[in-house]
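Colleague: Residues per chain, in single letters:
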Amino acid sequence: MSNIIEIKGVSKHFGDDQALHNINLNIKNGEFLTLLGPSGCGKTTLLRILSGFETANSGTILLSGKDVTDIPPEERHVNLVFQNYALFPHMTVFENVAFGLRCKHTPLIEINERVNNMLNMVKLNKFAIRKPHQLSGGQQQRVAIARAVINEPIVLLLDEPLSALDYHLRRNMQIELKDLQRRLGITFVFVTHDQEEALSMSDRVAVMHAGCIDQLGTPRDVYEEPCNVRVAKFIGQANIFDTKIVHTTQKTIQVEIEGEIFTLKNSDEFAVDENVHIVIRPEDIEVWGKTEIKDTTGMLPGIVEQVIYKGSTVDLIVRLHSGRSVSATQFFNEDDENLEYDLHEKVWVKWMPGWEVTLRHMDTE
Amino acid sequence: MKNSIIKSSYATLVYLLLYTPIAVIIIFSFNNATFSSLWHGFTWHWYKVLFHDHEILTVVLHSLTIGVLASTTAVIIGTLAAVSLFRYQFNGKQLLHGLLFILIISPDIIMGISLLILYNAINIPLGFWSLLLAHITFCIPFVAVTVYSRVTTLNKHIFEAARDLGANDFTIFGKIVIPLLLPAIIAGWLLSFTLSLDDVIISYFVSGPGYEILPLKIFSMVRLGVKPEVNALCTIMLGVTLIIVLLSQSVLLNNKKR
Amino acid sequence: MLAFKRFSIGTIWTWLCVFALLPLILVILTSFLTSDINHLVKFPATFANYGQLFNDAYLRILLQSIYLAASCTLICLIIGYPFAFIIARNKSRFRPLLLLLVIIPFWTSSLIRTYAIMAILKTKGILNSALLAMGIIHHPLHILYSYTAVLIGTSYDLLPFMILPLFANIEKLDSTYIDAARDLGASKIRTFIKIIIPLTLSGIISGSILVFLPAMTMFFIPILLGGAKNLLLGNLIENQFLTANNWPMGAAISIFVTLLMCSMIFLYWKSKNKSLTE
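Line by line, the protein sequences give chains A, B and C. Under this note's numbering, the first residue of the first sequence carries the number 1, and numbering increases by one thereafter. Under this note's numbering, the first residue of the second sequence carries the number 1001, and numbering increases by one thereafter. Under this note's numbering, the first residue of the third sequence carries the number 2001, and numbering increases by one thereafter.
The hints are simulated quantities; they were obtained by calculation from the structure and are not laboratory data. Note that the Cβ used here is the ideal one computed from N, Cα and C, for glycine as well. One or more of the hints may lead you astray.
Said to hold, decoys possible - If you anchor each label on the Cβ, the simulated ranges turn out as follows: (1) B/F1090 to C/L2101: 47 to 57 Å; (2) C/L2063 to B/Y1019: 47 to 57 Å; (3) C/N2245 to B/K1175: 47 to 57 Å; (4) C/H2139 to B/L1224: 22 to 32 Å; (5) C/L2098 to B/I1178: 29 to 39 Å; (6) C/G2051 to B/F1086: 38 to 48 Å; (7) A/M362 to C/R2093: 47 to 57 Å; (8) A/L184 to C/K2188: 44 to 54 Å; (9) C/L2132 to B/M1221: 23 to 33 Å; (10) A/S11 to B/F1086: 46 to 56 Å; (11) B/W1039 to C/R2093: 30 to 40 Å; (12) C/K2229 to B/M1221: 21 to 31 Å; (13) C/K2229 to B/G1239: 27 to 37 Å.
Isolated chain A (complex conformation) (with noise of 0.2 Å):
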C-alpha cells in the first residue's frame, strides 16, 4: 500500500502552548487509522492541520504525493466530520449532502442522483426533506457522514464523531462506520479519546501525549506490546509493578517483586540495577483459592478485597501482604464454573510467565 498523507516534521504552538512536537507520520492508502489520546494531546490540532483549518508552524504536508501545506480548506481534497455535525440548521437533509457538489457546480440532475444515491446508502432516503432538529443523534450522524463523503474525499477525517452518542448508539455505529469504510474504500483518519473505540475501530492506532505520538502501530501491537508505561496505562487495565532488574542472563533478567524473585524473559537487552515496570493485564492474572493448589512457587498471597461482577467475566481486587492491590479479570468457562470468590478469602495469584511486558522508565520520570 502507498502513503496517501505524510506528514513531515510538524509542529505547532498556539502562543506559549506548544500543541505538535515534530509529528512524523504516514497514512497509508484505505486504512482506518485512529489518533488516540487524552483531551489535549494535540490530536484535534493534527487533525484540523490536515483539513486545513490550522497551519502548521513547520513541517509539510503531502496529500497523494503533492504538498498541500498552504492549500485552504476550501480546495482540499479531504472532508472532515465534525464534531458536532455542523449540519446546517437552516437546510433540509438533501440539502445539507447536496452542498458540496453545488460549491463545484455539479449539473442538477447529477446531483439528484448522487445524493439520492448517499441517502440510500445510509439508510436516510426517507428522511431527505427533513431539517437536521428533526432527527435523532444517530440519524444526524449519518447525515454528516453523507454529506462528507460524497464529496469523494481522498481522505475522510472524523473528529470525534461519537462522542455525542449514548453507549448502544455508539456501539452500533463503530460497526456502521467500519462497514461503510470498506465499501467505500476511503482512508478514514479518525479521532477519539476513548481507547476501546480505537482498538476496535481501527487498522492502526497512532497514541498520542502532548504533542507527540508515543506509538504506533495495529490494535493489537499497542495494546500487548505497549512501548512505555504511559501507554499501558491509557490502552486498556494494567497492574504495574515497580521495580529493579537484580540479575541478568542473555534470555532471563530476575526481578524481585513483593519480596520474591522471578525469572522471566528478557526482552530489550536489560541490564543489572535497570529501573523497570514489570506490566501485566488483569485478565493475565490467574487466582487460585487456598484449598485448589499445593505448589505455590511463583505465586504471591493476597486476600480477596472486592467481587465486582460484570457478566461475562467477573473482576477480583487482591491486596498483596505489602498493602498494594492487583486487579484480575477471570472469564467464565465451562470447565471450571467455580467462579465463587468471598470477600476477605484467602488466594494466591499468578501470571504466565512471558506474558508480561518489561519496560524501561521513562526519560521524564
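With the hints as your guide, set chains B and C onto chain A.
Modeller: Structure of chains B and C alone, referenced to chain A:
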C-alpha cells in the same frame, strides 16, 4: 494579516462615524464664540449661563422627579413581571411575553398618541400625573426584559429549596429573589432613568404647559438652531448618560465574574 | 402561597391592560369615528379615515416615508452588518470595550444626537468648514434642511439599533458552520450568502424592525433636519393630533403603522422558527 488591518480600520471608521458628531458638540460647548465653527479659545461661560437660568433648573428638577419616581415604580412592577414569567404557569403567559416584546419595539409615537387618547377619555389632565404614568408604562418592559434575562440563569430548584425549608412566597421574594437579581434590578433602574430623562416623543403628547420637562425643553431650544448654551446642556446630558451606562455595565459585569 | 402569585400577576396585568391594551383599543375605535371641533371625536362610525390614506397628499407622504425608512434601513444594514460581524468575532481582550463603545450611543438621547448632526451639517458647520479648508469645495454645501439631511440624521440616530441585535445574533453563530462550509468547498461569498446570512436572518430582521419603524415616526428628525419640506408619517400623526385636531385621521395613520409593525414581527417570528437549531 492584511485581512485584520482592513477589519480594524473599518471598525475604527464606524466608531469615528458614531462619535465625531458627539465630540463636536462637547468641544464647541467650551468654545468662546457664539456662532463660529472655528475655535476661539476655552471658556466655562456657557455652563455658567445655564446654571443661572432658573427656568432650566426648574425643568431639570421636574425631569429628575419624574425619572426617579417612574424608574422606581417601573422596577417594582417589571421585576414582579419577570419573576412571575419565570416561576409561574398562568393563563395568558405567552400573551404577556408578547405584549412586553411589542411594547419594546412599537414606535414611541404610537404609545404617545394612544396614551393621549386614554387620558382624554378618562379625564386625566395633562401634567405631572399624565407624564409619570406614561413614563412608568414605557419603562416596565425594559425592566422586565433586563431582569428576565438574569432570572433565567437561576436554578429553578432554588425556589423549591426555599419552600422546602419553610419560606413563604413573600419571604422568598425578599430574601432570595431580590438579592440574586439585584444587579439586573439596578441595571433596569438605570436604564429606565435614562429612558425617562431622554424621552421626547411620548412626553411630547402627554405633557401640559404646567409641567415642563428637560427633553422637551431641549427640543424647543434646538428648534431655534445650534447655540453654545444648548451645546453645554447637551454635553451635561451626555456626561450623565455616560456615567449611567458605565455604572450599569460595571454592575452587570461584576456580577458575571462572581 | 397563592397570595403572592395573584398579587404579582394581578399588578402587571392590570397595569398593562389599563395603559397598553385599553389605549390601543381606544385608538382603533377613534380611527373609525368622525372628527368634531368641540369634542374631538363624534359618531357616526366610518371607514372614511382609512380611505383618505390613499388621497394624493397622504399617499405621497406615506410613500416618501416608506422610501426613506427603507433607504435608512439599508444604509444601517450595509454599514452595521460588517461592523457587528467584526466586533462579535473579535476574541481579544478589548472586546468588552468595543461593545461598550456601541452601547453608549445606544443609550444616548436621539434628540441630542440629531442636534449633533445639525451642528455638523449646517452651512457654517464643521463639515463645510472642513471641506472648504481642504479645498474640496469652494462654496458651502446646503445639506441641512433637505431630504439628504433627514436621511443622514435618521441613519446616524438608528445605526446602534441595527448593530446591537446583529451583534447579539452573530455572537451566537457557531463558527463550526463556517468551517463546515469551507471544508465542503464553499467560497467565502458562497459561505456568506448560503450559511451566514440565513443563520443570522432573525438578527437582520429584528435590527431592521428597530430601524424601519422609528425612521418614519421619529417626527423631530424631519423638523430639525428637514425644515418644513420633508415631512414623514410621524409628522403627519403629530400634526393631526396636536395641530389639525383631526384625531380620527391621526389614529387611522397610527393603525397603519401598527399593522406594518405586526407584519414585520410576523416575518421575524418566522425567521426565528426557521433557524431553530435544537
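Colleague: Determine for every hint whether it applies to the structure shown.
Modeller: Results of checking the hints against the structure:
no.: 1; hint: B/F1090 to C/L2101: 47 to 57 Å; in the structure: violated (41 Å)
no.: 2; hint: C/L2063 to B/Y1019: 47 to 57 Å; in the structure: violated (34 Å)
no.: 3; hint: C/N2245 to B/K1175: 47 to 57 Å; in the structure: holds (54 Å)
no.: 4; hint: C/H2139 to B/L1224: 22 to 32 Å; in the structure: holds (26 Å)
no.: 5; hint: C/L2098 to B/I1178: 29 to 39 Å; in the structure: holds (33 Å)
no.: 6; hint: C/G2051 to B/F1086: 38 to 48 Å; in the structure: holds (46 Å)
no.: 7; hint: A/M362 to C/R2093: 47 to 57 Å; in the structure: violated (39 Å)
no.: 8; hint: A/L184 to C/K2188: 44 to 54 Å; in the structure: violated (30 Å)
no.: 9; hint: C/L2132 to B/M1221: 23 to 33 Å; in the structure: holds (28 Å)
no.: 10; hint: A/S11 to B/F1086: 46 to 56 Å; in the structure: holds (51 Å)
no.: 11; hint: B/W1039 to C/R2093: 30 to 40 Å; in the structure: holds (36 Å)
no.: 12; hint: C/K2229 to B/M1221: 21 to 31 Å; in the structure: holds (22 Å)
no.: 13; hint: C/K2229 to B/G1239: 27 to 37 Å; in the structure: holds (35 Å)
Hint compliance for this structure: hints 1, 2, 7, 8 are not met, and every other hint is.
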